[in-house]
Amino acid sequence: MSDPCLQAENLHLWRGERHVLRGVSFALSRGVCLHVAGANGAGKTSLLRTACGLLPAESGRLSWDGRDVQEDLAGFQGALIYIGHEPPLKADLSALENLRYWIGMRRRVSPAALASALQRVSAAAWSERPARTLSAGQKRRVALAALSLALVPLWLLDEPTTNLDGEGQQLVGALIEEQLARGGMVLAATHQELPLAPARVRRLELRLA
Amino acid sequence: MPELQHAALGAPDAAVAGSAAPRAAVTLLAAARLVLQRDLTLAFRRRAQLVQPLAFFVIVTMLFPLAISPELARLREVAAGVLWVAALLASLLALEFLFRDDAHDGTLEQYVLSGQPLTALMFAKTAAHWLLTGLPLAVMAPLAALSLGAPPAALPGIVVSLVIGTIALSLIGSIGAALTLGIRRSGVLLALLTLPLSLPVLIFGARASELAILGDPIVAPLELLGALAVLGITLAPLASAAAVRISLE
Numbered sequence: 000m001s002d003p004c005l006q007a008e009n010l011h012l013w014r015g016e017r018h019v020l021r022g023v024s025f026a027l028s029r030g031v032c033l034h035v036a037g038a039n040g041a042g043k044t045s046l047l048r049t050a051c052g053l054l055p056a057e058s059g060r061l062s063w064d065g066r067d068v069q070e071d072l073a074g075f076q077g078a079l080i081y082i083g084h085e086p087p088l089k090a091d092l093s094a095l096e097n098l099r100y101w102i103g104m105r106r107r108v109s110p111a112a113l114a115s116a117l118q119r120v121s122a123a124a125w126s127e128r129p130a131r132t133l134s135a136g137q138k139r140r141v142a143l144a145a146l147s148l149a150l151v152p153l154w155l156l157d158e159p160t161t162n163l164d165g166e167g168q169q170l171v172g173a174l175i176e177e178q179l180a181r182g183g184m185v186l187a188a189t190h191q192e193l194p195l196a197p198a199r200v201r202r203l204e205l206r207l208a
Numbered sequence: 000m001p002e003l004q005h006a007a008l009g010a011p012d013a014a015v016a017g018s019a020a021p022r023a024a025v026t027l028l029a030a031a032r033l034v035l036q037r038d039l040t041l042a043f044r045r046r047a048q049l050v051q052p053l054a055f056f057v058i059v060t061m062l063f064p065l066a067i068s069p070e071l072a073r074l075r076e077v078a079a080g081v082l083w084v085a086a087l088l089a090s091l092l093a094l095e096f097l098f099r100d101d102a103h104d105g106t107l108e109q110y111v112l113s114g115q116p117l118t119a120l121m122f123a124k125t126a127a128h129w130l131l132t133g134l135p136l137a138v139m140a141p142l143a144a145l146s147l148g149a150p151p152a153a154l155p156g157i158v159v160s161l162v163i164g165t166i167a168l169s170l171i172g173s174i175g176a177a178l179t180l181g182i183r184r185s186g187v188l189l190a191l192l193t194l195p196l197s198l199p200v201l202i203f204g205a206r207a208s209e210l211a212i213l214g215d216p217i218v219a220p221l222e223l224l225g226a227l228a229v230l231g232i233t234l235a236p237l238a239s240a241a242a243v244r245i246s247l248e
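As they're listed, the protein sequences go chains A and B.
Residues 0 to 208 in numbering that gives the first Met the number 0 are what the first sequence spells out, letter by letter.
Residues 0 to 248 in numbering that gives the first Met the number 0 are what the second sequence spells out, letter by letter.
Each hint should be verified, as a subset may be incorrect.
[As the list claims (entries may be wrong)] Selected chain A positions facing chain B (in silico; Cβ < 10 Å):
| hint | residue |
| --- | --- |
| 1 | 52 |
| 2 | 105 |
| 3 | 206 |
These aren't lab readings, by the way, just hints derived from the structure by calculation.
Quick reminder that beta carbons are idealized off the backbone N, C-alpha and C, glycines included.
Pulled out of the complex, with its shape left as it was, chain B reads as follows (with noise of 0.2 Å):
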């Protein structure tokens, strides 16, 4: 009788080392695909999520001619800093709903037990961030340049630095949208926590943006902004993943 419970455990044993295979089958990029794909299929099924921080940075871009003055000569002085701020604010704005979702529904959770690494992961979350928030603020820049006095072949620059700039912009705020799920308000805090931190953005962005619009070189702020994205894409996703592992506790 022994024998015979052992061969009966010994096949299903066989049974559940071959399922190993197929789950190796899903490579790191594979998962990280079906992250980003995940991601870009809800925000389409949710459009008033994605326009929100767009229509917020169009908003601000065309209240400043108002309030400053329709001189073109005198909103071209601001016109870099105005669109750098509001493309800080605008992806503030989004980063509260990086991870609040899936936190909510134990989506994060599933993450973190799919055995795949989560710091991956929380990359391809990122990206898909970035794709729905900055790049569509990088493409509106040209428009909202315009109106505020930026001649046309400053474009150009202001959209690379722009481009560069947010992706650094979404890395950091994902360390600061993953440490604040806990909390139940965490705008406020989340604001605090990752301003600071976007500081260097914002001042080599707007130096870039404001040097295209003198028409000089460009290339000096733009090397600093690729080093704070390239910091950002090593760095933040390891962040990220310690802390949501550390929200689920």
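Only chain A is shown next, with the shape it has when bound in the complex (with noise of 0.2 Å):
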């Protein structure tokens, strides 16, 4: 097995009066999807946002690549791709061009690029749309094709399967396999089983505090 790439150790964070991560621990090495677990209010989307260094943990280290994330925080964060509750799109914008916009500060990409992308996601007949317009699976979509498009070796997602229909949540199983073939690693935090084999899939399970 190859040395963990990103690793969490002991983590603790504070949301005023609460005691949201009590030391939280893990280690996610390339090739690995790691699948964060627990009722709701048990930290998940904390645990992603402190993972991707918008929110600073009161104590613990978070690595990555042996170096502490905050030597070199917008690296890190360059080399990572967070996708919360709600895809980040702009509602007067079309999904073409919310792509572009969003992808385009990482990397350079081609129309084609994009064009594609927005195919493989079954989203070339509505990509010309304001998002405005889209329903919450189509804006979910949308956010699946700038997975593939940011090519970063880190992925966060925060519930990747919701309001998606049984082929688009067979399409994010595909598209995390793909990534950690690529030798990339997938955090999701989800309630439900993520569609992938089991093999790939590590399990952190956070207890409700």
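With the hints as a guide, bring both chains together as one complex.
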């Protein structure tokens, strides 16, 4: 097994009076998907936001490739993509424009690559429509297209299968498999089982505070 | 078997490392340009938001002649003050929209996570805001100034002072807008935070416009306005980037 790439040691996080993360530790190596499970309010989203550096943990250490992420936060954040509950889409821009501006900040993408990514998530037919006219599942599909375009080693996914139909959930599984096969890593928080072969999935259970 | 596994992981390693190269190809300038382009595109899809501060500025400056007196000589005495108070309030009106929508739909979060320096992206956002609110105000100002009795010779001076002054106002305002991001109805607090910091701009801007109307040299107050704008350019994006990070916690 290769060395762990993303490693969290004893993370503690307080939100006001609530002690949300109580000493969470995990290690994620290349080619592995970590499934973060736990009841509502157990801190799954907080853990993901802490893992991408949006929330600073009160104590504990988060390291990337053996170095503390705080040493080069921008470099670490450039190597990950985080998709929260709501896909970050602008209501007044089309799906295509949203992707172009979102991913264009991170790497150069050709119009052909954008089109094929949208095709892959079956979004080609409505890619010109403003995002405000899209259903929740369609927005989620645009976010999936962003995942495959970003070409980053670490994916942080919060409930990646919500609002998706059966075929869409299979697509999430296929995309994660591809990412793992490339040697990438996935940290996914979800209540449901991930549509993946269980061999590559580790589980991290968060207990309710 | 362990060797095989290692080989299988070795190749993707290279693929992932290779992916760093195209990402580096997005320079800071290109990323900032994307932010600017995106905000301008959005503004033109939502024209009402664009017109609101401008309409406010025009209405306020047009109401003064009705309320005070139609005598140009009397209007001329208050013209500089009216123009600048109207410009200050109009730019304040537009500030609420600077980061609010981006905070709601998660765009700011993605800016923070983009791996690009947030300070530069904040600067680009503020630049877009100025192009959409400050610059149109300065362009409209001659019309308002003429209706307030300013002589045509004073117009270039008034426009220049407003161009520089609104740059400073947008930058100062961006700090307040970023600081009040977490608050639900932030309008009043935003005004309370921003107005005291904007007063130097109001004082020097109004002074420059007044001197222009009187036909005197306006270099001294313009230089002070310029100094405020430069101070804003150097410090405001840093402050608003820090405030945005805190608001996302």
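Going down the list of hints, with the structure as the test:
Against a cut-off of 10 Å between C-beta atoms, the interface hint on residue 52 (chain A) holds, since the closest Cβ of chain B lies about 8 Å away. Satisfaction of the interface hint for residue 105 (chain A) is found here, the shortest Cβ-Cβ separation to chain B being roughly 6 Å, below the 10 Å cut-off. Because the closest C-beta pair between residue 206 (chain A) and chain B is about 23 Å apart, greater than 10 Å, the hint is violated.
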